[in-house]
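*Asks:* Note that the UniProt record's numbering numbers the sequence shown so that position 217 is 217, with each residue one more than the last.
Derived by calculation from the structure, the hints in this document are not laboratory data. Glycine included, C-beta positions come from ideal geometry on N, C-alpha and C. One or more hints might be untrue.
Beta-carbon label-pair distances, calculated as ranges [stated by the list, open to error]: (1) Lys132 with Gln52: 35 to 41 Å; (2) Arg63 with Gly197: 14 to 20 Å; (3) Arg50 with Gln235: 40 to 46 Å; (4) Glu294 with Ala163: 43 to 49 Å; (5) Gly240 with Arg63: 21 to 27 Å; (6) Val298 with Lys115: 27 to 33 Å; (7) Val298 with Ala261: 49 to 55 Å; (8) Arg50 with Ala116: 35 to 41 Å; (9) Asn37 with Ala163: 38 to 44 Å; (10) Arg34 with Gly146: 18 to 24 Å.
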Amino acid sequence: MSTAKKTKKTKKATPTAPAAPAPTSAASRAKLSRIPNQTQDWPGTTTELRPQPDHGDSSWTPRGRLSGKRALVTGGDSGIGRAVATVFAHEGAEVTIVALPDEAEDAKATKKAIKALGGVCHVIKADLRTAKANQRVVERAVEKMGGLDVVVANAAYQMTHPALAEFPDGQVERTFETNVFGPFWLVKAAQAHLNEGSSVVLTTSVQAYSPSEPLLDYAASKAALTNLAVNLASQFGPQGIRVNAVAPGPIWTPLIPATMAPEKVSGFGSDTPLGRAGHPVEVAAAYVFLASDEASYVSGTVLGVTGGKPVF
């Protein structure tokens, strides 16, 4: 028989999970239907954008959809790439971003933002216009993360010109090297490191379906990339690797004031059915879905995030 002295029972507090940050509603984000005239030197920086875009730093509600996954995101320093890297980290993925040396400031800011979330972000500086550069990037990413589960080929180049005669020598080559050859070489280098259940996501564009004359080379490159996604999905399918693409519409990123005339910037996105440009985080949700196991039977598909513009 126990002789221990009885003590008064006290009610234990029920453990609760840490509260997720309150999501920022679409109504409370910066209004992108009223973007002021502005210009930046190429490739542009996030800090100079007015208004500031939402990358999901505090507006995204994590659900653990990418826990344990290792993701490589090219063009991850700003814009769509930064938002993708940020929400991937929110969802539990370890992330490696690739940025041009000229974009070191934005890449540093992205890494800092992800670290503040408790995530892990590695940075690789590289110009992805050669096969060797893509091979090195994949090798370094695998070294840093110990493997690879998700590849997001997002790095892109665009520059607008009002007429064909004004396109400078070398621009078409640069556009296709960045937007088509780069992703081709990246996925080719990554294939050996991907296993069943891995996911590849290419960033195409609404321009592939509704091309603008000032972006004729960019639009053509994105149409080629869309075709590449379908072909890769067919080739990778037997390995259990899914390949898809996201086709963003007008999204507010540094590339816009760095490549468009100031008077065009003010009306950016106003021609969509929703009447405004989109925030990068509004596109990033599509990448999370395609990278997650929720999309286990989705391959060879293009998801349009366009504010209502058709992608068919």
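*Asks:* Could you run down the list of hints and mark each one as holding or not?
*Replies:* Here is how each hint holds up against the structure:
Roughly 36 Å separates the CB atoms of Lys132 and Gln52, a value that falls within the hinted 35 to 41 Å. Against the hinted window of 14 to 20 Å, the Cβ-Cβ separation of Arg63 and Gly197 comes to about 18 Å, which satisfies the hint. Distance hint check: the CB atoms of Arg50 and Gln235 are about 44 Å apart, consistent with the given range 40 to 46 Å. Separated by about 45 Å at the C-beta atoms, Glu294 and Ala163 satisfy the suggested range of 43 to 49 Å.
Gly240 and Arg63 have their C-beta atoms about 24 Å apart, which keeps the hinted 21 to 27 Å range intact. For Val298 paired with Lys115, a C-beta distance near 31 Å keeps the hint of 27 to 33 Å intact. About 38 Å separates the C-beta atoms of Val298 and Ala261, a value inconsistent with the hinted range of 49 to 55 Å. As the Cβ distance of Arg50 to Ala116 is approximately 23 Å, the hint placing it in 35 to 41 Å is violated.
Here the CB-CB span from Asn37 to Ala163 is close to 22 Å, at odds with the stated 38 to 44 Å. With their beta carbons about 46 Å apart, Arg34 and Gly146 fall outside the hinted range of 18 to 24 Å.
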